[in-house]
Amino acid sequence: MKSFLRYCLAALLIFGISALYGCASKQENKTVIINIWHWMTDRQAAFKELAARYEAKTGVKVNFELYAPSDAYTQKVRAAAQGNNLPDIFGVLAEKKDFASFIKAGHILDLTPYMDAVDGKWRSSFFAKALAVNEFPEGNSYGIKPGVYGAPIDITTIQMVYNKGLFKELGLNPDNPPSIFDELLKIGRKIKANNMQGLVSGWAEVWMIDCLANNYAFNIMGEEKVLDTLRGKVSYNDPDWVKVFSVFKEMRDSGVLASGIVTMINKTAEQLFANGKAVFAFNGSWCVNVYKGMNPDLEYAAMLPPKASDKYPMAIWGGAGSSFMVNARSQNKEETVKFLKWFTDKEQQAYLSGVTQNIPANKDCLGSIPGTLAQFADDMELTTHPNIWGIWEFPVVTEALDKGIQSIIIGEKSPEQVASEVAKIKEREMAKKKN
Amino acid sequence: MKLKAVLENYVFVLPAVIIFSIFYIIPFVWVFQLGLYEWDGILPTKLFVGINNFKEIVFEDPAWWGSLWNAGYITLIALTFQNALAFLLAWACDREIRMKNFYRMVFFIPPVLSEIVVGMVWRFIINDIDGANIINRMLAGMGFPDLVHNWLSDPETALTMVALVHSWKGFGWGFLIFLAGLQTIPHELYEASRVDGANARESFKKITIPLMIPVMVLVAILTVLGSMQVFELILGLVGGEFAGHTSVPALRILASMRVSSRFGYACAQGISFGLILVIISFIQYRFSHKARQASN
Numbered sequence: 003m004k005s006f007l008r009y010c011l012a013a014l015l016i017f018g019i020s021a022l023y024g025c026a027s028k029q030e031n032k033t034v035i036i037n038i039w040h041w042m043t044d045r046q047a048a049f050k051e052l053a054a055r056y057e058a059k060t061g062v063k064v065n066f067e068l069y070a071p072s073d074a075y076t077q078k079v080r081a082a083a084q085g086n087n088l089p090d091i092f093g094v095l096a097e098k099k100d101f102a103s104f105i106k107a108g109h110i111l112d113l114t115p116y117m118d119a120v121d122g123k124w125r126s127s128f129f130a131k132a133l134a135v136n137e138f139p140e141g142n143s144y145g146i147k148p149g150v151y152g153a154p155i156d157i158t159t160i161q162m163v164y165n166k167g168l169f170k171e172l173g174l175n176p177d178n179p180p181s182i183f184d185e186l187l188k189i190g191r192k193i194k195a196n197n198m199q200g201l202v203s204g205w206a207e208v209w210m211i212d213c214l215a216n217n218y219a220f221n222i223m224g225e226e227k228v229l230d231t232l233r234g235k236v237s238y239n240d241p242d243w244v245k246v247f248s249v250f251k252e253m254r255d256s257g258v259l260a261s262g263i264v265t266m267i268n269k270t271a272e273q274l275f276a277n278g279k280a281v282f283a284f285n286g287s288w289c290v291n292v293y294k295g296m297n298p299d300l301e302y303a304a305m306l307p308p309k310a311s312d313k314y315p316m317a318i319w320g321g322a323g324s325s326f327m328v329n330a331r332s333q334n335k336e337e338t339v340k341f342l343k344w345f346t347d348k349e350q351q352a353y354l355s356g357v358t359q360n361i362p363a364n365k366d367c368l369g370s371i372p373g374t375l376a377q378f379a380d381d382m383e384l385t386t387h388p389n390i391w392g393i394w395e396f397p398v399v400t401e402a403l404d405k406g407i408q409s410i411i412i413g414e415k416s417p418e419q420v421a422s423e424v425a426k427i428k429e430r431e432m433a434k435k436k437n
Numbered sequence: 467m468k469l470k471a472v473l474e475n476y477v478f479v480l481p482a483v484i485i486f487s488i489f490y491i492i493p494f495v496w497v498f499q500l501g502l503y504e505w506d507g508i509l510p511t512k513l514f515v516g517i518n519n520f521k522e523i524v525f526e527d528p529a530w531w532g533s534l535w536n537a538g539y540i541t542l543i544a545l546t547f548q549n550a551l552a553f554l555l556a557w558a559c560d561r562e563i564r565m566k567n568f569y570r571m572v573f574f575i576p577p578v579l580s581e582i583v584v585g586m587v588w589r590f591i592i593n594d595i596d597g598a599n600i601i602n603r604m605l606a607g608m609g610f611p612d613l614v615h616n617w618l619s620d621p622e623t624a625l626t627m628v629a630l631v632h633s634w635k636g637f638g639w640g641f642l643i644f645l646a647g648l649q650t651i652p653h654e655l656y657e658a659s660r661v662d663g664a665n666a667r668e669s670f671k672k673i674t675i676p677l678m679i680p681v682m683v684l685v686a687i688l689t690v691l692g693s694m695q696v697f698e699l700i701l702g703l704v705g706g707e708f709a710g711h712t713s714v715p716a717l718r719i720l721a722s723m724r725v726s727s728r729f730g731y732a733c734a735q736g737i738s739f740g741l742i743l744v745i746i747s748f749i750q751y752r753f754s755h756k757a758r759q760a761s762n
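Going down the list, the protein sequences come from chains A and W. Counting in my numbering, the first sequence runs from 3 upward without gaps. Counting in my numbering, the second sequence runs from 467 upward without gaps.
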C-alpha cells in the first residue's frame with residue numbers, strides 16, 4: 003500500500019511540474035498564431051500558400067486546419083462551441099437561425115465597425131448579395147443586433163449547365179440553350195428518344211431539390227407569395243404551388259430527368275456530367291473546378307433554369323459560397339480581423355479564384371475570372387437565398403416538400419397529393435407554434 | 467487491517483470505474499437528460515419540455531415509425547436469409563472439405579470492409595447509369611428483359627436491395643460464430659449416434675441443432691442489434707432516405723440533429739430506439755431460453 007501511495011505522489015509531482023512548465027513556456031511564446039478551421043478540401047493548398055505569404059509579410063503565423071467532409075466539420079464546430087473551444091476563425095455551415103444561435107451564444111464577433119471603418123472600405127469591396135448572407139438587418143426576426151457577422155470569401159450561384167457536344171449530337175444549337183420550360187421538355191423528349199441521360203443532380207441530398215423548387219416558386223408566384231407561404235399566409239394547396247410541383251412531374255414525363263436521379267448524390271452527378279454521360283446538370287458554381295479536375299476537355303456552358311412562367315423573373319440560389327466568422331472570444335481578435343481583411347483583399351481573392359476556380363467575393367477582381375465561371379457570376383443579380391429572407395420554413399415542412407418531390411419523380415404521388423400533404427404538415431406546425 | 471485491504475481493492479477497480487463512468491454512464495445520463503429539453507445544440511440555454519419529445523415520437527412522428535418498420539424489414543431479411551446462409555456455410559466448412567481455410571478467409575472479408583465502401587461498390591455493381599449494371603445485364607441475358615429496371619431507384623425494390631447487400635456484408639460474422647459453435651460439439655456424439663443407427667439428418671436434428679441453440683441466440687441478438695442500426699450502407703447505396711423508402715432510425719436521428727437542429731428530440735429518439743432494442747433482445751432471450759428448456 004505504501005509503495006502504491008508513493009507511486010501516486012510521484013505521478014502527481016511529475017504532472018504538476020509539467021503543468022507549470024507548460025504555463026511558463028506559454029508566457030514566453032509571444033508569436034501570434036491565428037488558427038482557422040475550414041472544410042474546403044480543394045482549397046487547402048491555396049490557403050496554406052496565402053498563410054505563408056501573410057507570415058512572410060507580417061510575422062503572424064496562420065494555421066489552416068482542414069476538417070472534412072462538411073458534415074464532420076459542422077459537428078466539430080458545434081462541439082467546440084459547446085466547450086468554448088472555437089478557433090480564431092471558423093465557418094458556420096448551417097441555416098440562418100443556427101447562425102443566429104451562434105451569435106446569441108457569444109461565439110461570433112460583430113464585424114460592422116471594421117466593415118464601416120474608413121468610409122466603409124471593407125464593406126464596399128464585397129458583392130452586396132454575398133455580404134447579405136452574413137448580415138442581420140434592422141428588425142430581423144432572429145432578435146440579433148443589426149450588423150455584419152461574417153466575411154464572404156467566395157460566391158456561389160446554383161444553375162444549370164449543359165454539354166455542348168451532346169447538344170450537337172441531339173441536333174441542337176450548342177450556343178442556344180433552352181430559355182423556356184417547354185423547350186426543355188422538348189429536348190427531354192429528344193433525349194429519351196435517343197436513349198441518352200438528361201439532367202443529373204444530387205437529388206438524394208434533398209436540399210438541391212429544394213433549391214430548384216424554390217427557383218420555380220419564385221418564377222411562378224413571385225417572391226412575396228413565396229415568403230407569405232413561409233409566414234403561413236398562403237397554403238401549399240395554392241394552385242401556384244401545385245404548378246411548382248407539376249414542373250417536376252412534367253420533367254419526369256418528358257424524359258429530361260436522368261434515371262435514378264432521386265438516389266443520386268452530387269459527386270456521382272458531377273462524374274456523369276464530366277464524363278459526357280448526361281446532357282444537363284443542376285449544380286453550383288463550384289462545379290467549374292470539379293469538372294476541370296475530372297475532365298479538362300469538357301465543353302459545356304452555364305444556363306439559367308428555363309422559365310416556366312413569364313409573370314416573374316427566374317431566381318436562383320446564390321450569394322456567399324463560403325464565409326469566415328471571427329471568434330468573439332479569440333485572444334487575437336484584432337490580429338484576426340486584420341488577417342481576414344487582407345485575406346479578402348483584391349490580390350488574395352484573385353489568387354484564390356485563379357487557383358481554385360471559385361467566384362471571388364471581392365467585386366474588384368471579377369474581371370480576371372475565366373469564361374464558364376464568369377457565366378455563373380453574370381447572374382449574381384438574380385440570386386436569392388433562404389438566409390436572406392429573414393424568415394424560415396419549419397424543417398419538417400421542408401423535409402416533407404423535398405421528399406414529396408422525390409415521390410412525384412418516382413411516380414408515387416401526384417403534385418396535388420404532395421401539395422395537400424405539405425399543407426397539412428405546415429398547418430400542424432403553425433398550430434403548434436401558436437400553442 | 468481488513469479496512470485497508472478493502473480500500474486497496476477499491477483503489478484497483480477505481481480506474482476502470484472512472485473510465486466506464488466517463489465514457490458510458492455519464493453520457494447515457496446526459497443523453498437521457500437532454501431528451502427532456504428542446505435544444506438546438508448551440509445556445510447555452512435549454513428549454514425544459516418534460517416528456518413532450520417522447521410524446522411527439524410516439525404520437526406525432528409517422529416518419530419515425532416508418533423508419534422503424536424499414537429497419538425491421540432489413541432485420542427480418544438478415545435474421546432469415548443472412549443467418550441461414552451463414553449457418554449453412556459454417557456447417558459446410560466444419561466438414562472435411564478441400565480449401566476450407568480459404569473459404570473461411572473469403573467469407574470473412576465482407577464484414578471487415580467499411581459499410582460506406584460496401585454501399586458504393588454495390589451501387590456500382592447494381593446501378594445502370596453510373597455503374598456496371600450487372601443485375602440487369604444478367605436478367606437480359608437470361609431472357610428476362612421485362613425485369614430490367616433501376617433497382618435502387620424503384621420504391622418497390624430499393625429497401626430489399628439494401629437488405630440483401632446488408633446480409634452480404636453481415637453474414638461473415640454469423641459464419642464465424644456458427645463455425646466456432648459447431649467446432650465445440652464433440653465428434654464422439656456424432657460417432658455414437660451413427661453406431662446407434664442415426665442418419666445424417668437425424669444427427670443434425672437431434673445433436674447439432676439443440677447444441678447450437680445458445681449460439682443461434684447470440685447470433686440472432688447480434689444480428690438484430692447490427693441490422694436495426696444500419697445506416698452508412700444506405701448512404702452509400704441510395705444516398706439517403708429516398709422519399710422515406712430507405713429511411714431507418716439512425717438516419718432519422720441524424721436528420722433531427724443536422725437538418726432540424728433539434729438535439730433534445732434526437733436524444734429522445736436515441737433513448738426510445740435503445741429501449742426498443744433492449745426489449746427485442748430481452749424477448750429473444752426469453753424465447754430462446756424456453757426453446758432450450760424444451761429441447762432438453
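Misleading hints may appear alongside valid ones.
Using 16 Å as the maximum straight-line C-alpha spacing, the simulated EDC-like pairs for lysine to aspartate or glutamate come out as follows [to be verified]: (1) W:Lys566 / W:Glu581; (2) A:Lys426 / W:Glu504; (3) A:Lys435 / W:Asp662; (4) A:Lys426 / W:Asp662; (5) A:Lys99 / W:Glu504; (6) A:Lys279 / W:Glu504; (7) A:Lys434 / W:Glu522; (8) A:Lys343 / A:Glu67; (9) A:Lys434 / W:Asp527; (10) A:Lys435 / W:Asp594; (11) A:Lys335 / A:Asp121; (12) A:Lys434 / W:Asp594; (13) A:Lys78 / A:Glu67; (14) A:Lys434 / W:Asp662; (15) A:Lys365 / A:Glu336.
Since the hints were made in silico from the structure, they are not lab data.
Evaluated hints:
1. With a C-alpha separation of about 26 Å, the suggested pair lysine 566 (chain W) and glutamate 581 (chain W) falls outside the 16 Å cut-off, and the hint is violated.
2. For the hint pairing lysine 426 (chain A) with glutamate 504 (chain W), the CA-to-CA distance comes to about 23 Å; that exceeds 16 Å, so the pair is violated.
3. A C-alpha spacing of about 76 Å is found between lysine 435 (chain A) and aspartate 662 (chain W), which places the hinted pair above 16 Å, so the restraint is violated.
4. Taken as a hint, the lysine 426 (chain A) and aspartate 662 (chain W) pair is broken in the structure, with Cα atoms around 71 Å apart against an allowance of 16 Å.
5. In summary, the hint linking lysine 99 (chain A) to glutamate 504 (chain W) is supported, as the alpha carbons are separated by about 15 Å, within the 16 Å threshold.
6. Among the hinted pairs, lysine 279 (chain A) with glutamate 504 (chain W) is inconsistent with the structure: their alpha-carbon atoms are about 46 Å apart, more than 16 Å.
7. In summary, the hint linking lysine 434 (chain A) to glutamate 522 (chain W) is supported, as the alpha carbons are separated by about 11 Å, within the 16 Å threshold.
8. Our distance criterion of 16 Å between C-alpha atoms is broken by lysine 343 (chain A) and glutamate 67 (chain A), whose separation comes to about 19 Å.
9. For the given pair, lysine 434 (chain A) sits about 14 Å from aspartate 527 (chain W) by alpha-carbon distance, which is consistent with the 16 Å threshold.
10. Restraint check: the Cα-Cα separation between lysine 435 (chain A) and aspartate 594 (chain W) comes to about 45 Å, which exceeds 16 Å; the hinted pair is violated.
11. For the suggested pair lysine 335 (chain A) and aspartate 121 (chain A), the alpha carbons sit about 21 Å apart, so the restraint of at most 16 Å is broken.
12. Note on lysine 434 (chain A) and aspartate 594 (chain W): the hinted pairing is violated, with a Cα-Cα distance of about 44 Å set against a maximum of 16 Å.
13. Using a Cα cut-off of 16 Å, the hinted pair lysine 78 (chain A) and glutamate 67 (chain A) holds, with the two alpha carbons roughly 12 Å apart.
14. For the hint linking lysine 434 (chain A) to aspartate 662 (chain W), the alpha-carbon distance of about 73 Å lies beyond 16 Å, and the restraint is violated.
15. Under the criterion of a C-alpha separation no larger than 16 Å, the hint pairing lysine 365 (chain A) with glutamate 336 (chain A) is inconsistent with the structure, at around 24 Å.
Checked against the numbered hints above, the structure breaks hints 1, 2, 3, 4, 6, 8, 10, 11, 12, 14 and 15 and satisfies the rest.
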